[in-house]
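**Student:** Here is how the chains run, residue by residue.
Number of protein chains: 6
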Amino acid sequence: MKVSVCRKAHFNAAHRLYNPKWSFEKNQDVFGKCNNPSYHGHNYNLEVWVKGEIDKETGYVIDIKILKDLIKSEVEDRFDHKNLNEDTIEFKNLIPTAENMVVVIWNLIKNKLPKHLDLKVVLYETERNVVEFDGK
Amino acid sequence: MKVSVCRKAHFNAAHRLYNPKWSFEKNQDVFGKCNNPSYHGHNYNLEVWVKGEIDKETGYVIDIKILKDLIKSEVEDRFDHKNLNEDTIEFKNLIPTAENMVVVIWNLIKNKLPKHLDLKVVLYETERNVVEFDGK
Amino acid sequence: MKVSVCRKAHFNAAHRLYNPKWSFEKNQDVFGKCNNPSYHGHNYNLEVWVKGEIDKETGYVIDIKILKDLIKSEVEDRFDHKNLNEDTIEFKNLIPTAENMVVVIWNLIKNKLPKHLDLKVVLYETERNVVEFDGK
Amino acid sequence: MKVSVCRKAHFNAAHRLYNPKWSFEKNQDVFGKCNNPSYHGHNYNLEVWVKGEIDKETGYVIDIKILKDLIKSEVEDRFDHKNLNEDTIEFKNLIPTAENMVVVIWNLIKNKLPKHLDLKVVLYETERNVVEFDGK
Amino acid sequence: MKVSVCRKAHFNAAHRLYNPKWSFEKNQDVFGKCNNPSYHGHNYNLEVWVKGEIDKETGYVIDIKILKDLIKSEVEDRFDHKNLNEDTIEFKNLIPTAENMVVVIWNLIKNKLPKHLDLKVVLYETERNVVEFDGK
Amino acid sequence: MKVSVCRKAHFNAAHRLYNPKWSFEKNQDVFGKCNNPSYHGHNYNLEVWVKGEIDKETGYVIDIKILKDLIKSEVEDRFDHKNLNEDTIEFKNLIPTAENMVVVIWNLIKNKLPKHLDLKVVLYETERNVVEFDGK
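Protein chains in written order, with our numbering: chain A, 26 to 161; chain B, 26 to 161; chain C, 26 to 161; chain D, 26 to 161; chain E, 26 to 161; chain F, 26 to 161.
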């Protein structure tokens, strides 16, 4: 009998979508205004869902403070107020689409999470564009 | 390893809930004020979730513009600023409850979507009443 | 020293925007798809703001229950699940634009409100279109 | 072919997180300011999701009014404007964490729900802390 | 030429509405379930609006970090995870209605704010009940 | 008797806060991580409020489509998916703080708006940081 627990967070970052193997024209064709060479940016909203048994002593699946600190060290400190293409190793050779970002964030958190807990990450690039990844 | 991608949209429509095989009294009993013969209306909010592998070249599961255009042609152009009972063939013989609407919308989008992508549709009739369908 | 108190409410209605003195073509030109003769509809969200001195005995500007009941009798019972053009006397001869609606609602509530209280009404026709009226 | 239907609700309550088998210091260590002996409180937001086949006659999975009444009698009447630790039998011997609350609420609703319907409950303790339980 | 700048914050607290000069019955009559002697609680959301000239060197009306720290020291540290009636001197002899709370918070912040800045405070007791005070 | 009408919009942009007359250290001291030389970014949400008399023939203060087009040409086309510091003339020599941005946007719209209409602009840099300007 497992309960899911969610903590929300957010960070603000600049990025550019382009594939260095393609011409500027092909990038413009595929990525449109997201290919702006001087970058644009977003307020990213994040939901981190962790699923597991309730601990009988605490009534917690996970102490939300542990989850909050994990999100801070693995996601916010790494990406907040950064240029994803220029300032991070994760997106040096990976296009920072929302899809690639949600997989990167899932792996960063999964690596630090106790093994018995399931993980799902939801990332809002804008209020209207959302991605979700649960490792499957 | 599959990622879900969501695009949100909305449309405004009028409708009436009633079963033509029943008396006005029975309709009133089952559907209450939703049975108003001169119609009432809603701002419908829509979430269209598409699930698939990330394309290595683009970093996309699906170009969100394709999804946006699909929602426009299949849903918004069909239902926005319409009377669902009077102006649409989909609800000529089908009661436009949120449940029936979400199945209709799922089928309309599924028919135009590449076969390898999974689809889930969430429809908000009001901020407090929501329905969801994933084809299963 | 005056404090403002707000109560939120909502109602769902159908309407059509057209001026009966104009041709269908002119109405189409001015009101576009809002001129659909079979109507369309909205979830209207309402904020009713009342401003006055705090009563020393209760700590209230107005008992929020009084305000809630007033909104129910004057607005919700009158407009919820109605066709504004067909089912209401207020919009028999008045185009139910958000602007006209907010003035009508302001007057309906003002008439029943204790005289010493100021009133402001905010009406959301959609999440993106809002109107506001304070009687001045 | 099943559709999910959601009804949202909310209630306001006071609570304190502590394990009576522990010292005050250990409780302080585990629960921090949530261990305040004079209590603190929350606006809880609730989503109740019910999944089943669409009834051909009504177009409903469940009459939303039945669901609304069920939420009122089982959740709102029991917990709204209450002190969870002091005023309820459910949390006399169970720590009112969001995790324990969502399981309690799931069971209360499940007991009254027609057997053929699946149930999922989502509980927002704050805008940023959410839990979810579907009985599995 | 003045610009307004807003910072949002939130805190969670328990409270009870009652006038100690009245009988339990009269309190019940006026405050209803808010008179529960074991308390209930809320997630309070706060908007602090500060108005002034833009500083030419910084482009700021006020460094939002200063405002954030001020809200933390004057409001969050004082009221978050507290019982307003039991744990605070501000509401020892003042009924903690939203109206009284917004005036108290306005005064606490005003006292620490540079004199040339105007102040308005908005307090959400729930998503539907809001109060506002600007010192006039 | 004047009614206010609001249209909401949004745009995504990158920016950096720094004063070119200062050292990097002083900029870091004043603007912190907002001084990142490779930029960061935001989803900006915009509310444009226009106030005037209701036109008797149309029931409109302003045709919302005119307002929508004005926001598109003056704000979205200019700033959406842009680097404010690099790609715009407005912020070549002006720090793109939210305060400076709201004044720039107010002037851009005011110049194109019919003279008899009052204008107020609200700009959300994040969900928690908001600025407002009405020209006074």
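Hints may contain errors.
Any copy will do: because identical chains look the same in the list, a pair fits if it lies in one copy or spans two.
As the list claims (entries may be wrong) - List time: in silico SDA-like cross-link candidates among lysine to any residue, alpha-carbon distance up to 20 Å:
{"no.": "1", "residue 1": "K76", "residue 2": "G160"}
{"no.": "2", "residue 1": "K76", "residue 2": "G57"}
{"no.": "3", "residue 1": "K27", "residue 2": "G160"}
{"no.": "4", "residue 1": "K81", "residue 2": "A34"}
{"no.": "5", "residue 1": "K51", "residue 2": "D80"}
{"no.": "6", "residue 1": "K51", "residue 2": "S29"}
{"no.": "7", "residue 1": "K27", "residue 2": "T113"}
{"no.": "8", "residue 1": "K76", "residue 2": "R153"}
Since the hints were derived computationally from the structure, they do not count as laboratory data.
**Student:** Hint by hint, note whether the structure agrees.
**Tutor:** Verification of the hints:
1. K76 / G160: both (13 Å within a copy, 13 Å between copies)
2. K76 / G57: neither (38 Å within a copy, 23 Å between copies)
3. K27 / G160: Classified as both; 18 Å inside a copy, 8 Å across copies.
4. K81 / A34: neither (27 Å within a copy, 28 Å between copies)
5. K51 / D80: between (53 Å within a copy, 16 Å between copies)
6. K51 / S29: neither (42 Å within a copy, 25 Å between copies)
7. K27 / T113: neither (35 Å within a copy, 24 Å between copies)
8. K76 / R153: between (26 Å within a copy, 16 Å between copies)
Taken one by one, the earlier hints fail for this structure at numbers 2, 4, 6, 7, listed in ascending order.
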